[in-house]
Amino acid sequence: MKKVLVVEDNPDNQDLVTRFLRREGYVVILAEDGVAGIEKAKSEIPDLILMDLSLPRLDGWEATRQIKADPTTSAIPVIALTAHAYESDAKKALEAGCDAFETKPVMYQRLMRTIDNMIAAATGYA
Amino acid sequence: MTSHNSHFGRKSSRAWRTLRGRGLMSRAVVSTFFMFNAIAVSLSIMFLLAVRAALDSQACLRAQELTSFFAAQSQYPLLVADTTTLRQIAATAVAGEGVVSIRIEDASGEQTIAAHRQSASVASQKRSAISRILLTRSRILDVNRPVTAPTQGGMHDWESKSLPRSNLGLVRVEFSLDKADELFRHVILRAAITIPALFIVFVPFLYWDVRRVLLPLQNLIDFTRRVGSSNLTARATVARNDEVGELTICFNQMLDQLSSTTVSRDYVDAVLQCMAESLIVVDDQGQIRTANHAAVQMLGYEMRELIGLRASTIRPSWFSAREDKAHVQSSIDTYHGRNGLEIPVLLSSSRLLGSNLWGGATIWLAQDMTEIKRTQEQLIAARDQAEMASEAKSRFLAAMSHELRTPLNAILGFSQLLDLELADEGLDRWSEDIQKIIRSGNHLLALINDVLDLSKVDAGKMQLLDDQFDIVELAREVIEQFEPAAAANRNHLSLIVAPDLARGAPARGDRRRTLQCLLNLVANACKFTSDGRVTVHVARQIVDSSARYDLSVEDTGIGIAPDDLKRLFNEFAQVDGSTTRKYGGTGLGLALSRRLARVMGGEITVTSSPGAGSVFTLSIPRVASVSAPSHGHTSSAECLEQVLA
Numbered sequence: 111m112k113k114v115l116v117v118e119d120n121p122d123n124q125d126l127v128t129r130f131l132r133r134e135g136y137v138v139i140l141a142e143d144g145v146a147g148i149e150k151a152k153s154e155i156p157d158l159i160l161m162d163l164s165l166p167r168l169d170g171w172e173a174t175r176q177i178k179a180d181p182t183t184s185a186i187p188v189i190a191l192t193a194h195a196y197e198s199d200a201k202k203a204l205e206a207g208c209d210a211f212e213t214k215p216v217m218y219q220r221l222m223r224t225i226d227n228m229i230a231a232a233t234g235y236a
Numbered sequence: 004m005t006s007h008n009s010h011f012g013r014k015s016s017r018a019w020r021t022l023r024g025r026g027l028m029s030r031a032v033v034s035t036f037f038m039f040n041a042i043a044v045s046l047s048i049m050f051l052l053a054v055r056a057a058l059d060s061q062a063c064l065r066a067q068e069l070t071s072f073f074a075a076q077s078q079y080p081l082l083v084a085d086t087t088t089l090r091q092i093a094a095t096a097v098a099g100e101g102v103v104s105i106r107i108e109d110a111s112g113e114q115t116i117a118a119h120r121q122s123a124s125v126a127s128q129k130r131s132a133i134s135r136i137l138l139t140r141s142r143i144l145d146v147n148r149p150v151t152a153p154t155q156g157g158m159h160d161w162e163s164k165s166l167p168r169s170n171l172g173l174v175r176v177e178f179s180l181d182k183a184d185e186l187f188r189h190v191i192l193r194a195a196i197t198i199p200a201l202f203i204v205f206v207p208f209l210y211w212d213v214r215r216v217l218l219p220l221q222n223l224i225d226f227t228r229r230v231g232s233s234n235l236t237a238r239a240t241v242a243r244n245d246e247v248g249e250l251t252i253c254f255n256q257m258l259d260q261l262s263s264t265t266v267s268r269d270y271v272d273a274v275l276q277c278m279a280e281s282l283i284v285v286d287d288q289g290q291i292r293t294a295n296h297a298a299v300q301m302l303g304y305e306m307r308e309l310i311g312l313r314a315s316t317i318r319p320s321w322f323s324a325r326e327d328k329a330h331v332q333s334s335i336d337t338y339h340g341r342n343g344l345e346i347p348v349l350l351s352s353s354r355l356l357g358s359n360l361w362g363g364a365t366i367w368l369a370q371d372m373t374e375i376k377r378t379q380e381q382l383i384a385a386r387d388q389a390e391m392a393s394e395a396k397s398r399f400l401a402a403m404s405h406e407l408r409t410p411l412n413a414i415l416g417f418s419q420l421l422d423l424e425l426a427d428e429g430l431d432r433w434s435e436d437i438q439k440i441i442r443s444g445n446h447l448l449a450l451i452n453d454v455l456d457l458s459k460v461d462a463g464k465m466q467l468l469d470d471q472f473d474i475v476e477l478a479r480e481v482i483e484q485f486e487p488a489a490a491a492n493r494n495h496l497s498l499i500v501a502p503d504l505a506r507g508a509p510a511r512g513d514r515r516r517t518l519q520c521l522l523n524l525v526a527n528a529c530k531f532t533s534d535g536r537v538t539v540h541v542a543r544q545i546v547d548s549s550a551r552y553d554l555s556v557e558d559t560g561i562g563i564a565p566d567d568l569k570r571l572f573n574e575f576a577q578v579d580g581s582t583t584r585k586y587g588g589t590g591l592g593l594a595l596s597r598r599l600a601r602v603m604g605g606e607i608t609v610t611s612s613p614g615a616g617s618v619f620t621l622s623i624p625r626v627a628s629v630s631a632p633s634h635g636h637t638s639s640a641e642c643l644e645q646v647l648a
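Read top to bottom, the protein sequences are chains A and B. Residues 111 to 236 (this note's numbering) are what the first sequence spells out, left to right. Residues 4 to 648 (this note's numbering) are what the second sequence spells out, left to right.
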């Protein structure tokens with residue numbers, strides 16, 4: 111069972127993504143903000159992280175940077191999932207260390223395909 | 004008399020006075036006059052002397068002839084000593100004109116007969132008053148003639164002369180030369196009348212002639228004076244074909260030469276006073292020497308106050324002329340006008356080269372920057388405001404995008420989830436309704452994306468990427484993506500690549516935006532065509548020596564009426580409202596695609612006729628920096644390697 115950490119502050123979005131992932135058989139761990147996201151990443155070592163970017167306490171860009179800077183978590187693929195849909199936002203996210211960039215509204219098929227590809231690539235890599 | 008004539012008259016009389024004052028005229032007149040006089044007097048004297056000599060010799064000849072005659076008459080009376088006859092002869096003689104007295108002597112000198120004219124004194128009294136003044140004394144000619152014996156046989160004169168015995172006596176006649184003198188006096192009198200009369204005629208002529216010769220010279224002098232004091236543009240009139248005319252021509256030529264090399268002071272002054280910039284010349288003692296009208300206006304001083312003013316009064320930043328450089332220096336400075344008025348100026352200063360005036364000077368040329376500065380400040384403020392507004396708009400759009408996506412995420416996400424979960428339960432009763440929600444949500448999302456893209460293009464903030472890609476691959480990707488949509492309308496979708504692009508069509512630019520444009524065109528073609536063909540042609544064109552790719556999307560669909568073609572690329576310009584309902588689409592696709600194409604240096608064009616289908620052509624430049632056709636393949640290979648790794 112693959113573990114996916116969802117860092118998301120909006121309860122509706124948490125619910126939506128959790129139910130999407132569970133339908134595909136993933137174990138979902140939730141974090142409400144950037145700080146909690148980093149902690150959960152370290153303690154749980156998930157197979158993938160879905161990172162919202164606008165987050166309380168510590169934003170998604172900084173949290174990703176710290177996760178990618180920490181050797182224990184740096185191998186975990188991070189997908190930015192955000193309503194910031196500009197090219198500049200995507201560029202910023204990729205610069206912070208995100209491995210992929212997905213915009214909201216979430217498209218079920220596309221998101222799942224991306225997650226599958228990322229986990230496959232990460233495990234193959236490992 | 005016309006005004007022109009009177010003007011000319013004044014002018015010439017003035018010229019005349021000047022000439023007389025200079026003495027050239029008077030000298031010419033006087034010297035000519037005296038020369039004429041000398042010649043006339045000399046000629047007169049010579050003539051009179053000749054006349055007198057002629058008169059005298061005539062009188063002398065007559066006297067000799069008369070004496071000889073009397074001597075001949077006296078021969079026989081003397082020979083026979085007939086005193087009575089001798090007396091008659093003497094009486095006859097003194098009665099003759101001009102004879103004053105006669106004296107007949109015999110050879111011994113004892114017998115003498117003499118006679119005197121009685122009226123001699125009366126005749127002399129009769130002489131005219133002028134004659135008396137000129138010749139107070141009567142002249143007497145005394146002629147002696149010996150009386151010889153009458154010649155007999157072949158006796159020769161010289162023999163008679165040589166023989167003293169033949170000498171009978173002597174006739175001595177005194178002639179008065181009064182008659183000759185009287186005639187001579189008449190000649191003198193006539194000459195005395197004629198010569199002054201000639202002078203009276205001659206002098207005005209002389210005066211007129213000299214004046215005629217000298218007047219053009221004086222006019223030239225006046226003209227020269229005018230030229231010297233004012234401009235060099237005037238030319239003297241060449242009135243005559245003589246030396247003065249030649250002098251005038253030479254003078255005009257000299258003026259031509261001068262005016263081509265020299266600028267008159269009037270001209271320089273006019274230029275200085277007309278200049279919009281303030282001009283001030285400062286000497287090395289720091290005093291203002293020259294100022295123009297603009298300087299007076301700018302500084303608020305009177306011209307007479309400004310001349311002689313300390314230069315540092317109006318330009319406190321200036322200390323001494325030693326700082327001034329020979330070449331022109333420009334700076335922003337401040338002039339201080341009257342009442343402490345500060346004027347920002349753009350100042351150009353330079354040493355006054357080639358002039359030793361005032362022991363060296365500097366020229367300051369200043370342009371009032373007050374207005375410019377104010378305008379500049381306004382412009383900066385306006386620009387800042389515009390930038391702020393633009394920034395605010397961008398921030399607003401970004402925020403709007405984010406805020407619209409968040410609820411849309413829930414709408415679309417839960418609709419998808421609901422559809423999936425209901426399907427899991429086998430409850431497909433609401434599936435159609437849920438699909439409608441999803442379609443509307445997607446439509447709304449497409450609108451949001453298009454509106455944002457449009458506003459980015461309009462704000463000039465569309466960021467284009469610099470990708471290397473292959474146009475044919477891109478077209479193939481679009482075809483593959485639309486095969487299901489084409490099949491839904493029973494269309495045949497195909498790709499035709501020009502033969503010269505069979506080995507690939509490398510391009511450089513924003514791949515995603517190019518794809519977006521082509522997707523839009525193919526989507527439209529598939530939407531408005533059913534039971535027909537949609538063909539994408541890829542070809543290469545050379546336009547103005549630069550390569551372009553033409554991606555033509557040809558369909559056999561409903562086509563577009565000529566009137567609708569005009570507004571086809573406007574926002575929300577679908578041919579009529581019902582079209583949107585029937586065919587879908589945001590109504591922004593073509594407008595956005597064309598703008599994107601143009602931002603990328605390309606264009607979208609269309610040809611269509613209703614019922615016969617349409618051809619939309621996306622033409623984009625192939626950036627020249629992609630040189631090797633293999634380059635695209637190499638990068639594809641690299642990508643492949645990365646993926647495989």
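Take the hints with a grain of salt, since some may be wrong.
[Unchecked claim] Calculated pairs, DSS-like style, for lysine-lysine (alpha carbon to alpha carbon, straight line, at most 30 angstroms):
(1) K376/B - K201/A
(2) K152/A - K202/A
(3) K112/A - K152/A
(4) K201/A - K152/A
(5) K112/A - K201/A
(6) K112/A - K202/A
(7) K396/B - K459/B
(8) K464/B - K201/A
(9) K113/A - K201/A
(10) K178/A - K201/A
(11) K439/B - K202/A
(12) K202/A - K459/B
(13) K396/B - K464/B
(14) K202/A - K178/A
(15) K112/A - K178/A
(16) K201/A - K182/B
(17) K202/A - K376/B
[Said to hold, decoys possible] To give an idea of the interface, some chain A residues facing chain B are shown, with a C-beta separation under 7 angstroms as derived from the structure:
(18) P121
(19) L126
(20) P166
(21) H194
(22) A195
(23) E212
(24) K214
(25) V216
[As the list claims (entries may be wrong)] Using C-beta positions, here's what the derived DEER-type ranges look like:
(26) Q332/B - A179/A: 56 to 62 angstroms
(27) R167/A - K464/B: 51 to 57 angstroms
(28) A402/B - A179/A: 28 to 34 angstroms
(29) L421/B - S164/A: 23 to 29 angstroms
(30) Q484/B - R167/A: 40 to 46 angstroms
(31) R506/B - K202/A: 34 to 40 angstroms
(32) R601/B - S164/A: 30 to 36 angstroms
(33) E390/B - S164/A: 24 to 30 angstroms
(34) A564/B - R167/A: 44 to 50 angstroms
(35) K202/A - R601/B: 51 to 57 angstroms
(36) S164/A - D470/B: 24 to 30 angstroms
(37) R167/A - E390/B: 51 to 57 angstroms
(38) A501/B - A179/A: 48 to 54 angstroms
To be clear, the hints were calculated from the coordinates, so they are not data collected in a lab. Note that the structure is predicted; figures quoted are calculated from it, not measured. Yeah, the Cβ is synthetic: ideal placement off N, Cα and C, and Gly gets one too.
Hint check:
1. K376/B - K201/A: violated (42 angstroms)
2. K152/A - K202/A: holds (23 angstroms)
3. K112/A - K152/A: holds (16 angstroms)
4. K201/A - K152/A: Holds, because 26 angstroms separates the two Cα atoms, which is no more than 30 angstroms.
5. K112/A - K201/A: Answer holds: K112/A to K201/A is near 28 angstroms, not above 30 angstroms.
6. K112/A - K202/A: holds (28 angstroms)
7. K396/B - K459/B: Given pair K396/B, K459/B holds - Cα atoms ~10 angstroms apart, limit 30 angstroms.
8. K464/B - K201/A: holds (15 angstroms)
9. K113/A - K201/A: holds (27 angstroms)
10. K178/A - K201/A: holds (16 angstroms)
11. K439/B - K202/A: Violated. K439/B to K202/A sits at ~35 angstroms, over the 30 angstroms cutoff.
12. K202/A - K459/B: holds (18 angstroms)
13. K396/B - K464/B: Between K396/B and K464/B the Cα gap is close to 12 angstroms, so the pair holds against 30 angstroms.
14. K202/A - K178/A: Cα-Cα ~15 angstroms, so holds.
15. K112/A - K178/A: Holds, at roughly 20 angstroms.
16. K201/A - K182/B: violated (152 angstroms)
17. K202/A - K376/B: Given pair K202/A, K376/B is violated - Cα atoms ~41 angstroms apart, limit 30 angstroms.
18. P121: violated (10 angstroms)
19. L126: holds (4 angstroms)
20. P166: violated (15 angstroms)
21. H194: For H194/A, the interface hint holds, since the closest Cβ of chain B sits about 6 angstroms away, which is under 7 angstroms.
22. A195: holds (6 angstroms)
23. E212: At about 11 angstroms, which exceeds the 7 angstroms cut-off, the nearest Cβ of chain B leaves the hint on E212/A violated.
24. K214: Check passed: Cβ of K214/A comes within 4 angstroms of chain B, closer than 7 angstroms.
25. V216: holds (5 angstroms)
26. Q332/B - A179/A: 56 to 62 angstroms: holds (57 angstroms)
27. R167/A - K464/B: 51 to 57 angstroms: Given about 31 angstroms between the Cβ atoms, the range is violated.
28. A402/B - A179/A: 28 to 34 angstroms: Between A402/B and A179/A, where Cβ atoms are some 30 angstroms apart, the hint holds.
29. L421/B - S164/A: 23 to 29 angstroms: Given range 23 to 29 angstroms: holds, Cβ gap about 26 angstroms.
30. Q484/B - R167/A: 40 to 46 angstroms: Given about 41 angstroms between the Cβ atoms, the range holds.
31. R506/B - K202/A: 34 to 40 angstroms: holds (39 angstroms)
32. R601/B - S164/A: 30 to 36 angstroms: Hint holds: Cβ distance 34 angstroms, inside 30 to 36 angstroms.
33. E390/B - S164/A: 24 to 30 angstroms: holds (26 angstroms)
34. A564/B - R167/A: 44 to 50 angstroms: violated (60 angstroms)
35. K202/A - R601/B: 51 to 57 angstroms: With Cβ atoms ~28 angstroms apart, the hint is violated.
36. S164/A - D470/B: 24 to 30 angstroms: The hinted range 24 to 30 angstroms holds for S164/A and D470/B, with Cβ atoms some 29 angstroms apart.
37. R167/A - E390/B: 51 to 57 angstroms: violated (33 angstroms)
38. A501/B - A179/A: 48 to 54 angstroms: Given a distance of about 51 angstroms, which is inside 48 to 54 angstroms, the answer is holds.
In summary, the structure is inconsistent with hints 1, 11, 16, 17, 18, 20, 23, 27, 34, 35, 37 from the numbered list given earlier, while agreeing with the others.
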